[in-house]
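*Asks:* Okay, here's what each chain looks like letter by letter:
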Amino acid sequence: MTILLDSSTKVLVQGITGREGGFHTEQMQELGTKVVGGISPGKGGAKHLGVPVFNTVADAVQATGATASGIFVPAPFAADAIMEAAAAGITLIVCISEGIPIQDMIRVKDFLRGFPQARLIGANCPGLITPGQAKIGIIPQRITSPGPVGLVSRSGTLTYEVASALSASGLGQSTIVGIGGDPVLGLTFRDVVELFEKDPATTHIVLIGEIGGSDEEHAAELLARGTRLKAVAFISGRTAPEGKRMGHAGAIISGNRGTAKSKEEAFRKAGVAVAETTDEIVGLLR
Amino acid sequence: MKLLEYQAKEVLSSLGIPIPPGMVARNPGEAVAAFEKLGPVAVKAQVPVGGRGKAGGIKLAKTADEARKAAEQIIGMDIKGFKVPLVYCEAALEIEREIYLGFTVDRDARANILMLSAKGGIDIEQVAEESPESISRLYPNPWRGPLDFELTQLVYDAGLGELARPLSALIKKLYRAIPDYDALTAEINPLVVTRDGEVIAGDAKLEIDDNAAWRHRDLEQRYGSVLEGDPYEVEAKKRNLTYVSLDGDIGIIGNGAGLCMGTLDLVQRAGGRPANFCDIGGGAKAEVVENALAVILMNPKVKGVVINVFGGITRGDEVAMGVITARDNLKMKLPLVVRMSGTREEEGREILRQNGIEPGVSGWEAAKKIVELTRVGVQ
Chain A
1 MTILLDSSTK VLVQGITGRE GGFHTEQMQE LGTKVVGGIS PGKGGAKHLG VPVFNTVADA
61 VQATGATASG IFVPAPFAAD AIMEAAAAGI TLIVCISEGI PIQDMIRVKD FLRGFPQARL
121 IGANCPGLIT PGQAKIGIIP QRITSPGPVG LVSRSGTLTY EVASALSASG LGQSTIVGIG
181 GDPVLGLTFR DVVELFEKDP ATTHIVLIGE IGGSDEEHAA ELLARGTRLK AVAFISGRTA
241 PEGKRMGHAG AIISGNRGTA KSKEEAFRKA GVAVAETTDE IVGLLR
Chain B
1 MKLLEYQAKE VLSSLGIPIP PGMVARNPGE AVAAFEKLGP VAVKAQVPVG GRGKAGGIKL
61 AKTADEARKA AEQIIGMDIK GFKVPLVYCE AALEIEREIY LGFTVDRDAR ANILMLSAKG
121 GIDIEQVAEE SPESISRLYP NPWRGPLDFE LTQLVYDAGL GELARPLSAL IKKLYRAIPD
181 YDALTAEINP LVVTRDGEVI AGDAKLEIDD NAAWRHRDLE QRYGSVLEGD PYEVEAKKRN
241 LTYVSLDGDI GIIGNGAGLC MGTLDLVQRA GGRPANFCDI GGGAKAEVVE NALAVILMNP
301 KVKGVVINVF GGITRGDEVA MGVITARDNL KMKLPLVVRM SGTREEEGRE ILRQNGIEPG
361 VSGWEAAKKI VELTRVGVQ
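Chains as they are written, first to last, in my numbering: chain A, 1 to 286; chain B, 1 to 379.
Bound-form chain B, shown alone (with noise of 0.2 Å):
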């Protein structure tokens, strides 16, 4: 779950991490009081993307009619397909310096890495190559967090030794983001060094994990309904299903990630457009099947469906009944094309056939039939 920086900001501020004053503005009225309360303000939209600042998702109001017009221009507003929900109005800084701060998974070392630089206020990947040796970084132990040592070794590795105590302090509180809520992502950029030598976040970003939402259900009670996000993926959550929205008019459902995410490729090579990823998992009961046909039929640009089942404890014949059962339940009159392969595929193939739905013998067959089929509609 991606926080957006006003939430972010909330998080780190528990952690006793400074943050500029900001009131969130849901709408101009909102901003124009929130301009009244902090004086010049940075008006920003609020979306989980970067580059804000180049959508023309970020105004400075120095007026309260700035304020206003800023928000009634950034709120609503798309940034790389996400439409704006509020603005947070937040004091101007006097910036000395910018930092860069952050921790993120390092796959390929299989841990956390800090990283902390003195270019901070720009893009750290384009950092990351033209620079790499301004990045200082540190895997800290995952158990034992930190060590004062290490963190003293970082900052003035990063050339930042002057600020070496309010510094290691800041990274310390930062670094309880992982234990305390699963963060995989926490990145203050800049770290604002201000002219009276306040160190404060001037922008917030933090990840947490979907995985241990279980044992932070109050963090997506709080935070997890404020985006708008697409209306299928948010139905499909509320059905337990794990489903991803795509751009294109054929509906994809597959028993397994990879199994599902190969059936994309194979829709698209055979010429069509996937509307979906949706991986129904081992089992396929009706009323999984059920629930994914759903959701994939609520999408007026979907013009038939391929499910790809691979058996493999799952049986063929009962999967069939599943899909028919769905299929009759939800009234479906579009192209299906079921592909069956797997335990018991002969009972679930002829099942299939009495009641009117092709079975294909492979992936690579059942999506070459979905195209063809929803070509057809095309005239």
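With the rest of the complex left out, here is chain A (with noise of 0.2 Å):
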């Protein structure tokens, strides 16, 4: 069981033809995903790593009955391709790329309304897997493996050491989320919480968040509620200065707002373990 995404979602690449498209398709195609189309403008009709590329979205979800995309796209076009993506009825859209400008998105986000099905992770993000299943985006699957601990995080790299560490312990994982660097993104922690809530197979959550917004706040505030998840957070920015922007756009301490202390602490007061190093995640989750 996962949620979102497992080995029989048909899945599209949008920016398929570009250099890193083509990498990561191969290597989502290495791991089970059922990658059945690649849309770029002005290659329609040709094959592209076994698979027909199409011009537009709409094309190749009524010759393969998509329902999921990973889109490669630069930063200037990606916005375009997420509500592309939304209107041709694809119901889960993840967006890799970084950059998009913070107005573009707000737009993408009143557009997404218009499409409630549709649920978009990122921009800016490693994109999810389902271990030993399928993976749509870049998290490296050699360091995940099957098991019942939900990982979300808004990290690419500490990602990846966190779910590496994961994986030695013998604490596989059910699905991995990234959510992306951005401030105004699609999925959030909290509804992430949800999903992972809802899934049997999921016993355990780590969340990995950072300095800025609120978002990890508004998670605590669901699991203060009750939750049957073993969960464990880790926050990674103390002693970023405010004002900064620490890499991520949505990296950003504002007054007093988006500390990594407030983050810390809504999560003890939900009776979530916090981890003051990455190391201490898996002691914490036993």
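These aren't lab readings, by the way, just hints derived from the structure by calculation. Since this is a predicted model, take the numbers as computed values, not measurements. Heads up, the beta-carbon is just placed ideally off N, CA and C, and yes, glycines get one too. One should not assume that every hint holds.
[What the hints assert, rightly or not] Heads up, incomplete: computed chain B residues facing chain A, CB under 7 Å, no partners named:
{"id": "1", "residue": "108"}
{"id": "2", "residue": "109"}
{"id": "3", "residue": "113"}
{"id": "4", "residue": "182"}
{"id": "5", "residue": "209"}
{"id": "6", "residue": "244"}
{"id": "7", "residue": "248"}
{"id": "8", "residue": "259"}
{"id": "9", "residue": "268"}
{"id": "10", "residue": "277"}
{"id": "11", "residue": "312"}
Hints in hand, dock the two standalone chains.
*Replies:* Encoded structure:
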């Protein structure tokens, strides 16, 4: 069991003929992901990596019945690619692209309200993976293993580090979701926690947060109401100064808001164990 | 990118919003010239932070001599870590009332929020705390912008109904900063109503989305280099590095923002003080590592560097080669600790050992090691 994605989900890749799109599609296929087509305007009719290429997402959906799509498209075109996928009926949209202007994403969020079935993950994220079955994005499968731990994170490589440690300790993962580092994004921590809560195969959950915004606090609020999941949280960026963007567009402290301290306190109040270093996560989960 | 007041006012003016007559002065002589042209002026420090008045960065000048003295005192002054590069001399206004008008991104709502309050001229955060009901709010649709009836409601809610027409028109103009300039924050506080009934921007704050810089190159060119930024950040930007200067003496490099922030935290936890944040992203190619090391080593305070790499797609042996090449090209002699984990970590670690670099197996080990090694240097 899993959330959102398994080996039967039909997946499209927007930007499949690009360098990033192509490389990661191969990796996705190697895991067993059912990639059924790609989109590259102007290259419709061709075949790439064993699957048909279409000019538009609508064409691809009509021909393949795909319900999910990974977007590997440069930032200036990514917002449009998200909206195109939603309008074509895609219900799981995973946008890897980094650097999308925030006002573009605000417009995308409003647009998506007209397509309530569409779920967006990202942008600026490594995507998601159901270990042993399928992935959309760039999370390397070799560091993952199937199991009962749900992992949700704003980070990329820090997530890999945690996944690797979990796998090495025999704590496999049900699904790993990278929600991304942007301030205006698709699924939030709270949304993913809700999904894990409903998944019988997930018994534990690890949240990797960082400074900026209040998503972690909203997730903590939900967990405070009661959960069957054993939860551990880690917040990156305790030592980050105010007002400075720390890599991720969303990783910025404004006045007193968005601090690591506020997030850690919110989790503690909710009865969630807070790891001071990523090394502590495994111990706190057991 | 945060615009300075005079730059923000220039942009507002181009959007059709009235601003007081003003002139930039880069030295006391120019401040005198401004007085001679404009009469009594407010001489205002141009720095991208609030609280200028309290810091002594805003002075009223009623004579040429006062203008000259004010400029002398303020230019070069340090306000909250920023060195004042120039002043803006602005004709004094006959203020009848002060209004607050601004928009910003409400992260929780994932939308832009427009705020209007009759309590202008005060810190809006203070107003929000003491009397939140005096701030009226509107979330304009990001495709349509604010509609006329929505603005009318906003203005009446704020108790400013008698100014409904001019305020609505002005708000619409301010809002254009979003589609036209990818503004994330735009604030006019105070929006002044003068004794003659003019509605004019007393102060202006504008922040442009860095992610949208590629579609506003003209703004970058015009306003990007006025403020003397941190020299290392300026250099890092030239080399396309994601880099933030901090106060300490241990250089930090990580592949990934979350991992890099985590490394900062670990070094501090181990008793060290990070000199910087630098995310080299996935790949960690020799050229990128070299650029990152080069910028960090420009800072004479740096006593050592820790590099934290978790290779996903990136291969450990490639990263190791990159680090060694970079270190050798730069002839770096300071302590260098590399945490290397992930894909091909064993191969990578062996290469590092052979080249005299201590590989750490965890971020925490690496952090403790670099703090230890840099402490040894202090007698």
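*Asks:* Of the numbered hints stated earlier in the document, which are not met by this structure?
*Replies:* Violated hints: 2, 3 and 7; rest satisfied.
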